[in-house]
Amino acid sequence: MSLGSSIYQLAFKRNSVYITGIITGAFIFEKVFDSSMDGLFAKLNEGKSFEDLKKARNLQ
Amino acid sequence: MIRDCSTKPKPEIHSFVPCCRFSGKKSQFTTMLAFRSTAPSLARVLQGSATSVGKVARTPLITSRILPDPSGHHDGHHDGHGAVPGVAYREEPTFLTARSLPRVASANQVFSTSMLPRGVRYAHTDIQVPDFSHYRREIAPTEAKGDPTSRLFSYFVVGATGVFTASIVKNIVVDFVMSMSASADVLALAKVEVDLSAIPEGKNVVVTWRGKPLFVRHRTEAEIAEANSVSLSELRDPQMDAERVQQPKWLVLLGVCTHLGCVPIASAGDFGGYFCPCHGSHYDVSGRIRRGPAPLNLEVPPYSFLEENKIIVG
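Heads up: the sequence lines are chains F and S, in that order.
Sequential numbering of the first sequence, starting at 1, is according to full-length UniProt numbering.
Sequential numbering of the second sequence, starting at 1, is according to full-length UniProt numbering.
Since the hints were made in silico from the structure, they are not lab data.
What you are looking at is a predicted structure, and each value in this text was computed from that prediction instead of being measured.
Honestly, I wouldn't trust all of these hints.
[Stated by the list, open to error] Label pairs and their in silico Cβ distance ranges:
1) S/213 to F/18: 49 to 57 angstroms
2) S/99 to F/16: 54 to 62 angstroms
3) S/151 to F/20: 13 to 21 angstroms
4) S/172 to F/13: 24 to 32 angstroms
5) F/53 to S/308: 40 to 48 angstroms
6) F/50 to S/197: 31 to 39 angstroms
7) F/44 to S/221: 49 to 57 angstroms
[Stated by the list, open to error] Partial selection, computed: residues in chain F whose CB lies under 7 angstroms from chain S:
8) 8
9) 12
10) 22
11) 23
12) 25
13) 26
14) 30
15) 50
16) 56
Idealized CB from N, CA, C, for every residue including glycine.
This is chain F alone, in the form it adopts within the complex (with noise of 0.2 angstroms):
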C-alpha cells in the first residue's frame, strides 16, 4: 500500500513533522468542531433565538 508507506514517510517519519502536525491539527479541529457544534445548536433550536425573532417580526 504505497499511499499508506507515502503518508507515513510524508508525515509520521520524522517526530518534528509529526508533533507540528498534531498542533496543527489541533487548531483546525477544534474551529472546525466549535463551528459545527454551534450549527448544530442553532438548527436544534431553530426560531428561538434573537436573530430569529427579529427577522420574523422584521424588528430594529
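Position chain S against the provided structure of chain F, taking the given hints into account.
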C-alpha cells in the same frame, strides 16, 4: 554447636553422622547412601530430631543433623523432644533450593543409584515445544527496511489522540489564564473615555458603559434653544436643561428608559429627542420625559471633561 570432629565418639546410630563439611567428594555421598539404605526405619528417629534447641541461623550448606539412637534409649523424656542434651540441631529447611534438595531428599528417603551427586536440573533442555506455526501472525510483505504496515495505523491513532488532547489542554489552559482577567466587580466600576471630535453635529453616539448603553449627542444650536425654552410646569420631572449638561453642546445620557428599562431610539418621537418603542415614552432633546408612561427623565451619569474634546464617564 557443631560437633568436633577430632573427638569423634561412636554412638550406636543407624545412620551416618557427617561431622565435617561436605567437600563434595563422590565417595562421601556414596558412603552415606550405603548407610542410609541399611537403616531400618527412620520415622521415629526423624520425629525425635525435628526440633532444635534454640534459634539457629539458616545455613544453606551444612547438614549436620545428628540423629539420636532409637534403639531402647528413646523414651521421649529427654530435653525437648527426644533430643540428646548438649547437641545442637539445625532446623529443617523451609524452602527447596538446589542446595537444600539433598538434605530434604535425604530426609524423605530419596535414593539415587548413580555415582554422580544429586542435583537440581537447571536447564529444561529436554522439553519439547509444540509447533505453533499454524497460529503465527502473518508478517505483511514489507519494503527494503522491513516494516509492517500496522505502524501507520498505530501512529495515526496516536496522532488523533494527540489532536484531541491538545485541544482539550488548550481549553483548560485558556480557562485558567482568563480567570485572571478583570472580574465582574472591577468591570462594574469601569470608566469609559469618549472622543467627542468624532461626533458630528446633530448626531447621537452609543457607547457601552458598565454594560449599559450611553448616549452622547452633539446638540445643534436650535436644539439647545428648544431645550431651554421649555417651561418647568409642563414637565413631569421638572429639571432645567442647565442642570443636566455641563456644556450645552454635549448631551450625555444613560440610554435606559426610566419606565421599564428598554433602550430609547434617538432622534425619534414627537419632541425631537428620544422615543422608547416598548411603551411609547417620548423624551425631548434634553432627555426629559414629556409623554408616555416613564416617570423620570433619562439619567445623567457622572462625567468630566478631560480636554475640550474628551470626556471620561464614571
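Can you give the numbers of the hints that this structure goes against, from lowest to highest? When the structure is compared with the hints, numbers 15 and 16 turn out to be violated.
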